[in-house]
Each structure stands twice: as C-alpha cells, then as structure tokens.
Amino acid sequence: MAWVNAIIQGVLIGGLYALFACGLSLMFGVMKVVNLAHGDLAVLAGYFAIGIVAVTHVPVLWSFVIVVPLMAVLGYIMQRTILQGALDRSVLTTLMVTFGLSVVIENGLLQFETANTRGIGVGLPLLTESFSVGSIQIAYLLVVFFATAVIVLLGLQYFLSRSKYGRLIRAVADDKEAAQLAGADYRHVFGIAAAIAFGTVALAGIAYGMYSQLSPTTGTDTILLFAFAAVVIGGLGSLWGTLLGGVVLGVAQQIGAQISLSDEVLAGFIVFLAVLVLRPQGLISRGAQS
Amino acid sequence: MSLATETTARPAEKFRVTRSRRNVAWTGAVALIVVVVLAMFPYIVYSGTTAILVQAFVVLTLASMWNLLAGYAGLVSVGQQAFVGLGAYFVLILAINGLSPFTALPIAVIGSGVAALPLWWLVSRLRSGYFAIATWVLAATVMLIIEKFSSIGGGTGMPLPGVSGYDPTLLTAYTYWAGLAVTVVALAAIYLLLRGRLGLVLTAIRDDEVAARSSGARVGLARMLVFVVAGAGCGAAGGVLAISQLQVQPSAVFSVQWTAVMAFATIIGGLGTIEGPIVGTVVYMVLQQTLASYNAWYLIILGLVAIFVALFARRGLWGLVDERINVRLFPVGYWLRVDQERPRKLLARPRRG
Amino acid sequence: MTASADGERAESGTPLLEVRDLVVHHGQLRALGAVSLRVFPGEVYAIIGANGAGKSTLLRTIAGLHHPTSGSVLFDGTDVTGLRPERRAARGIVMVPEGRRLFGSLSVEENLKVGATYARQGPWTIEQVYEMFGWMRERRKQLTAQLSGGEQQTVALGRALVANPRVLLLDELSLGLAPVVVQRIYGMLPQILATGLTVLLVEQDVSQALRVASQIQCLLEGKTTLEGKPADVSADQVEAAYFGLAGAAPAGPPGEGSEP
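Quick mapping for you: the protein sequence lines, in order, are chains A, B and C. If you count by the numbering used here, then the first sequence holds residues 3 to 292, one letter each, in order. If you count by the numbering used here, then the second sequence holds residues 230 to 582, one letter each, in order. If you count by the numbering used here, then the third sequence holds residues 33 to 292, one letter each, in order.
Isolated chain A, as found in the complex (with noise of 0.2 Å):
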C-alpha cells in the first residue's frame, strides 16, 4: 500500500514540479534563453511572499495575488533590458548571464535572510490536514496544489493557442523576422513570455514554500534541476509534456524514497540522465509547439 501510496504523492507533487517546469520550457521555447536562475527566481517569490506577509500581516494567500503579478512585472523589464541584451550578443552570453543573476540573487538572499531555511504558513487549517481514500493519506494541499497547476496549465494552453498575443508568441518562435516583417516588435512579445514565466514560477515557488521548505539555495538545489529534469522527461515544446514530465519526476522521487529515504532526490536525477541517454530528442530537435 505504501507504493500506492507513493505514487499518488508523487502524481500530486508532480503537478507542482510542472508549474516550475512550464516557464523554462516558455522561455526556451520562444526566446531560446535556458534561465539559469530560473529556480532562484521561484525562492525569491517565496521570500517575497514571507517578507510581505511578515510586514503588512495580511493572509497568506494574499501573497499569491501581490506576489506573482510584481514578479510578472519584473519579468517583463527584465526581458526587455538584461536578457534581450545578452540574446543580441550570444547565446553563451545568455548562460552567463544568467548564471550571473543566479548567484548574485542566491547570495543576496544569504546575505539578507540566513541560510536556515523557512516555511510559509499556509493559514487555513484545513489545508494542512489531509483526508483518507482507504489506507492512503492525501494532504489536502497537494490536491490543491496540483488542481491549480492543471488549472494554470489549461490556462496557458488556451492563452497559447486562442489568443490574439499566444499566437504572436508561437509566430515569433516560429520565426522572429517574419513576425517583424508582419509588424510584430518581438522584443515586447518576448517580454510577455518572459513575464509568463517568472509569473508562473512565482506561483509555483511560493506553493513549494508551503508544502517544503525554502533556503537560499534551493533554486538551484531543487527547482532549476527538477524544472529541467521535468522539461526534458516530458519533451519540450508541449505544456502537457511538461505535466507528464512532472509526474514522471515526482513518482521516480517518491519511489526512491520507497527505497531508501535519502534516495529521493537522487532517483530523479538518474531518471533524468536516463532520459538524456535514451531519449534525447526532447533536446536535439525542437518537438512542434502544441
């Protein structure tokens, strides 16, 4: 039963992994920029969060409604300026700049909060408790958590394939110049994927903030590589991809556990280089776009 048990966790969990997962994929996907800190902008969501919730005392989950929006934004100038200026030069200049934001946003975080991890108190009781099917304990978090990560992926995926701006950011992937040549400035249209993505992992990080624990390094310890490892199980190009990769992840890592608890995070990864072996067409070639 414990197996079932850890699937189902694994399932749940891995709705989450996908919200992490799904903005990376964006950002790759339409800009060609790999975000190395990509995991560290879902930390610094959730610090927000706690330092939102620590001086103005409003409820926790108004922090999702301040917080993600203000990282949307910021997503969007940062587009618009640092990244845009690193993707006129190289994409080696990307990677190191990104990799430069990564560090310099971990080590702030070190250097103003402390390398002990926090919490986020989720304030409704009854989030924290969980209900039985059988044997089996679901938390109730989780099943929230993965609802709203079908739900924002559902979103996305309409947001993609109806709308007026979905359709520019799937053209501009396709072919930035063409789109120009139809009028379409690809720098705002990339700042608007930008801001998608660091809105949805904004979301994500402060929902792992209150399911896990956050310390400064968690960005890269965890989410950079489990966003990655979800992108590449699942293939990328396709939101729903995405998911399964996520829940492929988070099965593998509760199955590890199974094993042996200080396994969880390693058999990830070992699925993960799986995959890169076996199943690399998910990074050689570019599936088409959903």
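No wet-lab data here; the hints were simulated from the structure. Please read all numbers here as calculations on a predicted model, not as lab measurements. Every residue, glycine too, gets a C-beta built ideally from N, C-alpha and C. Every clue listed holds true.
Not the full set, but computed from the structure, chain B residues with beta-carbon under 7 Å of chain A:
{"id": "1", "residue": "Ser357"}
{"id": "2", "residue": "Ala361"}
{"id": "3", "residue": "Val366"}
{"id": "4", "residue": "Thr370"}
{"id": "5", "residue": "Ile496"}
{"id": "6", "residue": "Ala525"}
{"id": "7", "residue": "Leu528"}
{"id": "8", "residue": "Gly532"}
{"id": "9", "residue": "Ala535"}
{"id": "10", "residue": "Ile536"}
Now the in silico label distances, taken between C-beta atoms and shown as ranges:
{"id": "11", "chain 1": "A", "residue 1": "Glu179", "chain 2": "C", "residue 2": "Ala226", "range": "22 to 32 Å"}
{"id": "12", "chain 1": "A", "residue 1": "Ile79", "chain 2": "C", "residue 2": "Gly59", "range": "29 to 39 Å"}
{"id": "13", "chain 1": "C", "residue 1": "Gly208", "chain 2": "A", "residue 2": "Gln113", "range": "56 to 66 Å"}
{"id": "14", "chain 1": "B", "residue 1": "Phe270", "chain 2": "C", "residue 2": "Gly114", "range": "55 to 65 Å"}
Based on the hints, put chains B and C in the right spot on chain A.
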C-alpha cells in the same frame, strides 16, 4: 572590360602566413623569471601569504580551464565542480590507502581526465543551454553518489590522512609548490594545445562548424579533448584544494560556487584569451580578500560585475588592454603578411562571449 | 536612364518608395554599392540579376532587416532608414520574404491572423484573401508545413496582403516553384494592384519579371547595370547587364549608346 579579363588582370599578390612570433622570446623569459620568483616564496614570505597564493593558484587553474571550455570550444559548463570534487576525492581515497597526498595528486589528475570520458558521452550531443544544465545535474548526481560512501566521509566529509607526518612549515611549502606546479603545468598545457592543431580546429569550429567538418576537422574529437583536459585540470585544482584544506567535504568541493568563481573570473578577465583568466583571478582575489569579512558580498559584486562585463565589455578587462596595446603574452594566433602592407592579424580574434 | 523616360515617371509626383545611394555590407563584404531606385504609385518595379547580385539584400534593407552602411530609404518622402522592420510594416512597407517563411507551427488561418494583427486600414481582410485563393478557406485549419510550395507561397502572399500594405515587396516569388504555379501567382498581380498597391519585386526569372514589370533594374555585384522600361530594353541589353559583359550600359532606346 569583361568579367573574365577583369579577374585575370589583377596582379598576383604575395601572401605569407607566419606565426605571431614577436613576443614569444620575451614572454618566455619573463614567464620563467616569474615562476622562479614564485617558487622562492616559501623562503621569503609568511605562510599566510602562501596560503592566499595557493587559493589564487586554484582559482587560476579553474578559470583557465573554464576559459578553455567556454572561450575556445564554446562549451558553457556549469558543472565543472564535479571534477573539482572528483580530484579531491581521488586524492583522499589514495591517501586513505597509504599514498602521500602529493604523490596522489598526479594520479588524481589522470583519474579526473579519465572520468571525463563517460560524462562526455552523456552530454556531448546536447545543445548549449541543455549542455549547461546537464553538466549541473551531473555534478549534483556525482556528489550524491559519493556521499553514500561513509568510508570516505559520507555526507559530512573527513580529514585528509597522510599529512600528519609532515613538519607544518614544510607542509605549507609543499602545498604551495604543488599549487604552483599545477598552475604552471595547466597554463603550459593550454598554451601548447592552442598553439597546435587543436587551436586551429577550435577556431575553425567557432567560425563555421559545418565548413570545419567538411574540411576534415574532427569536431567531436576536438571538443572531447577539450572536455577531458578541462576535467583533468579541474581535478588537479580539486586535489590541491584537498591538500590545502587538509580535509574533504562534499558540500565544499562539489559546490556550484566553484563554477561561479571560475566563470566570473574568466568573464571579467577576458573570455577567449589565455591572459584573461590571469587578470580575472587577480580581480577575484582582491575582491575576496577585501570583502571576505562581509560574507556573501564578494560573490554578489563579482556576479554583478561579470554580468555587466558580459553585456558591455565582452572581451573583459584583458580585452580592453589588448585592444589598445596589441600585446599577447601567450600568442596563439597567426599573421597574414601581404607584401608592402602592414601585417593583418588573422584568426587571432578571441571568441566573443 | 534617359531623361525622357525618367521625366515621364517624374510627372506622376513624388515616388512612393525611394532608395538613394544605398551601400550595404555583410560583414566585410560589400553587397550593395550606391544603388538608387524610385518606385511610383501603382508601378510594378522589378529587380533582376544573377545569384549574389544583391537583389535580396536590397529588398531586405528596404524592409528594415539590414542596416545600410550609407544611403537612405525614403517612403512617401519621409526618411525611414532608421526604422525597425515592424515600424515600416506599420507604415505600409510589407515584405513577402524569400522562401516564404511561414510560421510552421501555426495553421493557414493563424498565419493570416498574425499578418492581420497590426494591419492598417484598407480593403484587404482575411475573407478577401479566401475569396482570392479559393482553396484556402477549406484548408484554413491545416498546418502550413503540410501545404505544397505554391500553396505556401499564396499563404505568404495573403499574410502580407491582410496587413494592407501600400508597397508590397516580393522576394523571389518563383523560388522552388514550378513555372506553371509561378505564372498563376503572378497572374494575380493585376487583382492586387487594382486595390491600390504598388509592387517592388525581386526575381531570378528574367522573362517572368519582364512580363509583369512596368519598370526594371538589373543588379550585378551590387551595382546597377541597367534601368528602364521592359519595352525599351532589348534582350541583348538585358543579357549584357545580367552577366556584366562588354557593352553593358544604362538603358536607352535600343541602338543608342551601346558598343557592339
């Protein structure tokens, strides 16, 4: 005049290709003097200074290796700490089994180089961004695997055996010379490699990979060679690290901070030139020494400066100098000499980051 | 260009599109050397020349994708040389790029919608495009990668038209298409012109260009070797200008100013 007559009517110009040899004799002599002077340091200065210099040697070796990878082969690796850790652990394991750490060092270097081969096999087909993260994941995985072996310290690490038999001052001196030797060998190896065929192949790949392949350049082999050399070099630095710290802790030797340090030093100093990492290491050490008491600040400042340099001064500090006075301490380029003209530099442009 | 030929054109007012002494470099290679042209409203102006002559470079510079080393591009009398491509498209300079460059992961309809996103006011709508190309409406949900070359070219054309351009730039329409298909597409030019457009096109197929153009210019190695009305130039003159043979000279009525 028709096209046909136009083309044949041009006078045949004389072209010669020579190595940029002008500076070599001078730089060779200066380098030798510098090395000899540095070697004398344990007799001249306090052990505090040699300890700082050992740190500088480690950083310089790492930065040179990162520069080789990113500046010449176009491989941005964010996982070189895997080799730093491997080098340290090779020394540790050999020391546990009775070998002196100093004898273990060369073996650790070879071991790290060999370890690079299967790792290269895993990541070689990946494009730049994915390559970067994959190296990061690899490093994290290697660390997690090593942490499982309690015989070599598990997750908390252990002190380095085999050093207690040495007189403390002698130990500091030997450590210092080990660091110096590693740096000298690393720089010499890089210089010779880039001066030779590999340098040409890498430049060709950088300019136009398809053309390079079709003219026979073994692109994959060249990149693999660079990855292996960089692995060995980082392993060497890791070995020196283990010796100088007298202990090996996984979270310290496998820390991604090492990549941060080597990347920032290279970027600030100048990506794509052998001199760049030297300048960058100096900047890093100065920052680290002056700000060390302020914890994470030096990394924050270093990071911000690196971002600024990457965006606005792509060729780094050395690049700014190089553009003014056109001097190369380690000339690896060629000159195209056309009669009656001032020689025009050919292939000597470093990679633009 | 003889005084009388240019004089006729000059009487129609200011040129809609003008290029003055354009010099364009690709790195160290000079692709265009002081090229000038003037396109008047309602004209079909064709630029011909061999591969590498600089034709596409000229068109891409006019569209804003290349920055010239010197010289200027004027649209309706205003200097647009510094404008980004999307700003030029907003003013009415729309290009159908070489090789179609459709958005591969988007459907036919979505491609047209993107073209219409920043469209100017005018007679062209997506419906109009469906009217003109009968087959498109049924297959509008198909991904463009599944279309034939000729169909893709018409979608690319449609995408440009829905933006309601004033000047339509066509870059190598015939590339990779069967002659029959090419003729059919060019056959639609009159319909397009009837809505008030002006066309500047680049074409490798000289005879096709001569058939549709009201004014031509030939480029060789980035320089102008011939300019004039198709009716006023002989086949020999065109050949000489195209290949850069002895006797190449700016156009005049046949027999004037050329060497044997």
